[in-house]
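Residues per chain, in single letters:
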Amino acid sequence: MRTVRMLAAAALAGAALLGPAAPGALADTPTPSATAGEEAGPTEAGTTFRTAAPFRPGQEATAQAATGDYLYWVFPADTGERPTVRATVTLPESSLRHGSATWRVDVYDGLRRRQACMYGAQSRTAPQAASSLELACVLRPVRAAADAWANDPLPGSYFVRLTVTGLPEEDLGQPFSARIGVDVSDRGGAYAADGALAAPLVPGATTAELAETEEEAGRRTAVEAAAPEDGWSSGWWSDRWIWTAAGGVLAALAGIGGYALTRGSGRPPRVPPAV
Amino acid sequence: MITRKRLATGACALLVALTAALLPTSASADEPAAKESPKVELVLDVSGSMRARDIDGKSRMSAAKQAFNEVLDAVPEEVRLGIRTLGADYPGNDRKRGCKDTRQLYPVGPLDRTEAKTAVATLAPTGWTPIGPALLGAADDLGEDGATKRIVLITDGEDTCAPLDPCQVAREIAAKGIHLVIDTLGLVPDAKTRQQLTCIAEATGGTYTSIHRTEELSRRVRQLVDRAADPVVTPVATEGARRCADAPQLKPGLYTDRETFGEHRWYRVDLLPGQELRASVSISADRAVNDDYGVLLRAVTRSGREIVRGSEAGDGRTDVISTGLRYPKPEAEDADEDGKPAAETVCLQVSNSFSAPPAVKTTPGMPVELTVDIVDGPASASDVASFGLGRGWWLLGALVLAGFLAGLIWGWLSRWRLAVWRTH
Chain W
2 MRTVRMLAAA ALAGAALLGP AAPGALADTP TPSATAGEEA GPTEAGTTFR
52 TAAPFRPGQE ATAQAATGDY LYWVFPADTG ERPTVRATVT LPESSLRHGS
102 ATWRVDVYDG LRRRQACMYG AQSRTAPQAA SSLELACVLR PVRAAADAWA
152 NDPLPGSYFV RLTVTGLPEE DLGQPFSARI GVDVSDRGGA YAADGALAAP
202 LVPGATTAEL AETEEEAGRR TAVEAAAPED GWSSGWWSDR WIWTAAGGVL
252 AALAGIGGYA LTRGSGRPPR VPPAV
Chain C
5 MITRKRLATG ACALLVALTA ALLPTSASAD EPAAKESPKV ELVLDVSGSM
55 RARDIDGKSR MSAAKQAFNE VLDAVPEEVR LGIRTLGADY PGNDRKRGCK
105 DTRQLYPVGP LDRTEAKTAV ATLAPTGWTP IGPALLGAAD DLGEDGATKR
155 IVLITDGEDT CAPLDPCQVA REIAAKGIHL VIDTLGLVPD AKTRQQLTCI
205 AEATGGTYTS IHRTEELSRR VRQLVDRAAD PVVTPVATEG ARRCADAPQL
255 KPGLYTDRET FGEHRWYRVD LLPGQELRAS VSISADRAVN DDYGVLLRAV
305 TRSGREIVRG SEAGDGRTDV ISTGLRYPKP EAEDADEDGK PAAETVCLQV
355 SNSFSAPPAV KTTPGMPVEL TVDIVDGPAS ASDVASFGLG RGWWLLGALV
405 LAGFLAGLIW GWLSRWRLAV WRTH
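Same order as they appear, the protein sequences are chains W and C. For the first sequence, the working numbering begins at 2 and goes up steadily by one. For the second sequence, the working numbering begins at 5 and goes up steadily by one.
No lab work stands behind these hints: they were computed from the structure. The beta-carbon is built from N, C-alpha and C at its ideal position, and this holds for glycine as well. You can trust all of the hints, since none of them are fake.
Not everything, but these chain C residues come out facing chain W in the computed CB check (under 8 Å):
| hint | residue |
| --- | --- |
| 1 | Q279 |
| 2 | S384 |
| 3 | L409 |
Start from the sequences and build out the full structure, keeping to the hints where you can.
Dropping the structure here:
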């Protein structure tokens with residue numbers, strides 16, 4: 002693994018010097034996208050972690066349910082991305098409701114650990130007259146690796162849970178609809194950490210050996226099934242390569258400049274014109 | 005990564021065969037194993053109160069019939085559907101007889117739509133509301149095989165057959181570990197009905213809906229039946245021990261267990277050097293619990309040293325509370341002569357800090373869902389930054405300065421050397 006990464010690094014150092022445009026294309030593993038096509042998101046939501054409805058960043062997942070239900074979706078997030086989860090809840094008719102309701106969106110990682118929101122109204126209270134409600138949660142940027150003891154976001158599946166947390170009891174079980182979307186913004190190399198997981202944090206991920214037997218059996222592995230549109234990135238690319246290479250080039254230029262400065266223009270005055 | 009996979013497979017072909025044979029559950033962990041088709045039983049209240057004409061100006065019964073007709077038309081092929089009634093036959097006042105009045109109207113199995121519809125058409129609002137006995141009957145109808153099962157209970161009133169608490173009945177059915185979910189629908193429910201139906205739904209991880217219109221009813225029932233058809237992985241029942249030494253050995257997969265308030269449960273997982281253990285646990289609040297709660301998952305060595313823990317706390321209304329941990333075991337320093345390094349036994353301890361008001365029954369315990377995955381270990385990091393590379397204007401400044409100084413010194417040196425060479 003390490004050797005492969007080092008070789009890749011060496012190859013890239015050359016690539017970065019020769020053509021700064023190329024690396025973007027190299028950034029992804031050549032894994033073909035297994036399920037392309039379905040552009041619209043799911044129209045149903047799951048009710049547990051196990052039944053969470055999968056969707057991809059950019060898609061809009063919708064669901065119709067009854068207040069009090071716990072709705073689950075799952076989406077993939079890869080290294081260097083900072084996902085923003087947005088939820089719009091169309092509340093039941095206000096004539097049916099008896100008071101204000103507090104709604105909440107929670108995000109869990111592939112290990113079902115709750116993930117903190119950096120910004121965004123994760124929880125909001127809708128007054129009785131309101132007809133809809135918007136919630137948002139901006140996650141921390143996803144890192145390639147973290148300590149086993151840390152709770153940092155890692156590449157893998159992320160679960161979204163939407164529910165009402167506080168409402169008058171007589172308002173339970175009324176129909177509402179929800180729309181969920183995820184935007185990802187690329188955070189660049191600032192969060193590019195060293196190290197990499199062997200498999201993203203996807204429920205059901207298995208060792209390479211078992212994954213291989215799955216593949217032989219013609220089944221998609223859990224990791225592939227949960228992958229983003231263009232597959233999981235290998236994680237070795239970051240703009241740190243460009244910064245470092247550019248730094249090297251500038252240092253070389255500055256070196257030439259410094260050298261030229263000591264030479265002055267033409268020959269040094271104390272050296273005789275010809276020997 | 006791929007290169008590594010190939011290498012590993014090449015070297016451990018034997019191991020592959022061995023593990024594949026040993027771990028059949030994990031091999032199919034994310035795929036629904038070839039299994040029985042899902043079963044759904046619709047349980048319809050046909051008690052006298054269903055005569056009330058308050059759903060779109062029609063009686064509750066005719067709304068239910070209309071919804072059933074639409075649902076029966078839309079049942080997915082693979083679903084085995086059955087219908088059970090409660091309070092359909094005995095119109096009298098004898099409570100004892102009224103509370104036994106539940107029968108299977110249409111057996112759980114491949115659906116004959118016309119036959120099922122005819123059976124539903126014969127129903128007329130009649131008797132009592134024995135919800136508890138009906139749920140028990142429905143659970144019996146569904147059987148105890150490995151299929152996913154769902155009961156959809158449609159009623160307009162609370163149970164009239166105390167002391168058998170339908171909510172407790174539901175919890176006990178769920179505790180049998182037969183993967184059963186009860187969804188409840190209340191037709192124009194009053195406060196007590198709502199309370200009872202939410203309790204039943206909560207006890208089994210189901211949903212509760214209140215219905216005021218016919219279209220809502222048919223849409224919701226259709227949705228619930230479709231949900232039953234969604235393939236899901238059914239977890240394997242296990243029973244954690246009080247100590248690690250007696251704990252059950254878990255292979256990668258999905259497990260369920262029950263844990264009461266303040267109880268600890270232990271499980272064991274074998275981990276080879278160079279592998280990473282990923283475990284997550286969810287504890288469902290399937291009854292009324294106090295507002296603040298938490299869960300703790302610890303990975304402990306056999307000698308009792310804590311390796312890593314995952315913990316989570318929360319407050320307010322919730323369905324589950326969950327946490328997870330990962331433990332990458334470093335590669336062995338010295339590979340054994342026999343080639344296969346010894347596996348470490350990792351003990352997993354699951355504990356919870358739920359509490360409940362004194363009126364709430366503590367048995368059976370709350371449902372615990374445990375997932376165990378074993379993957380290859382992560383690539384070790386030699387630096388905080390990716391490959392130890394730098395980034396930012398300070399880096400550029402430092403490099404430029406260093407380059408400039410180096411150029412300057414080199415220039416001076418070569419001038420000095422040139423001067424020395426000239427003078428000699």
